[in-house]
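J.: Sequence:
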Amino acid sequence: SSRVLWTLAVTQLGHRIMKSIVSSNTIVIPAGVEVTVKAREVVVKGPKGALKKNFRHLDCNVVLFEEEGEKKVRVEVWFGARKHVACIRTVTSHIENMITGVTKGFIYKMRLVYAHYPINVNITNGGKELEIRNFLGEKLVRKIAMLDGVKIERSPKVKDELTLTGNDVELVSRSAALIQQSCAVRDKDIRKFLDGIYVSEKGSADQF
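The opening position of the sequence shown corresponds to residue 57 in my numbering, with each subsequent residue numbered one higher.
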């Protein structure tokens, strides 16, 4: 739930702008999840582990409180202009993603796309590293290390599909980006040479 109270402010140059007295957004903490807030550093603990994120670079209040038997987190900004108020939704989205991560986890699915030279992949180090061979017929072996807490494996049902799983959506998506960017086509017409490894599906683990 969100609330906004507006007031009219006058800048030093005499321009009249609308400023909100207070803008806020509230998140309900689900059962089985523990959230702690200290000096805008949020820690979320759940069945799948714990995630921590620091919001000290943003000028906003992050408040933990209890209402009607439910634990909630409120993010609020006082006397903020439009662009300042936008950080509220940013922080609440981050916290919601953290809650989803520690309860369900995130999955990114990637497909191997090739026309002539089949891309060969090998997963090593217990799902923490990916080796890519024969991309466009090149002899170069590309090695991509997954970021902390991210595991990669072959899809058991679909041919030429990789599955990345983890609790932190930022680390999972960045690992997928590292794989995709490692297969960038150089010195060729990218409209014709569409080979690569691309994200085909993504979402929380309960969606698959």
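Source of the hints: derived by calculation from the structure; they are not laboratory data. As the structure is a computational prediction, the values presented were derived from the model and not from experiment. Where hints are given, some of them may not hold.
What the hints assert, rightly or not - The calculated lysine-lysine pairs, modelled on DSS-like cross-linking and capped at a C-alpha distance of 25 angstroms, are:
#, residue 1, residue 2
1, 244, 213
2, 199, 184
3, 213, 195
4, 199, 160
5, 109, 213
6, 184, 139
7, 101, 215
8, 109, 128
9, 258, 165
10, 258, 244
11, 195, 104
Stated by the list, open to error - Label pairs and their computed distance ranges (CB to CB):
#, residue 1, residue 2, range
12, 117, 209, 35 to 43 angstroms
13, 184, 215, 17 to 25 angstroms
14, 82, 213, 28 to 36 angstroms
Glycine is no exception: its CB is placed at the ideal position from the N, C-alpha and C atoms.
J.: Take the hints in turn and mark each one as holding or not.
T.: Evaluation of the provided hints:
Distance check on the hinted pair: residue 244 and residue 213 sit about 33 angstroms apart at the alpha-carbon level, beyond 25 angstroms; violated. With a CA separation close to 11 angstroms, the supplied pair residue 199 and residue 184 stays within the 25 angstroms bound. Restraint check: the Cα-Cα separation between residue 213 and residue 195 comes to about 29 angstroms, which exceeds 25 angstroms; the hinted pair is violated. Proposed proximity of residue 199 and residue 160 is contradicted: the alpha carbons are some 29 angstroms apart, above 25 angstroms.
Simply put, residue 109 and residue 213 have alpha-carbon atoms about 35 angstroms apart, too far for the 25 angstroms limit, and the pair is violated. For the hint linking residue 184 to residue 139, the alpha-carbon distance of about 39 angstroms lies beyond 25 angstroms, and the restraint is violated. A hinted pair counts as satisfied when its Cα atoms are at most 25 angstroms apart, and residue 101 with residue 215 does not qualify at roughly 35 angstroms. Distance hint between residue 109 and residue 128 is fulfilled; the C-alpha atoms sit about 17 angstroms from each other, no more than 25 angstroms.
For the given pair, residue 258 sits about 6 angstroms from residue 165 by alpha-carbon distance, which is consistent with the 25 angstroms threshold. A threshold of 25 angstroms between alpha carbons decides the hint, and for residue 258 with residue 244 the separation of about 29 angstroms lies outside it, so the pair is violated. At roughly 40 angstroms between alpha-carbon atoms, residue 195 and residue 104 are farther apart than 25 angstroms, so this suggested pair is violated. Between residue 117 and residue 209 the Cβ separation comes to about 41 angstroms, which falls inside the hinted range of 35 to 43 angstroms.
Our hint of 17 to 25 angstroms for residue 184 and residue 215 holds, since their Cβ atoms are close to 23 angstroms apart. Look at residue 82 against residue 213: about 41 angstroms separates their beta carbons, and that is not inside 28 to 36 angstroms.
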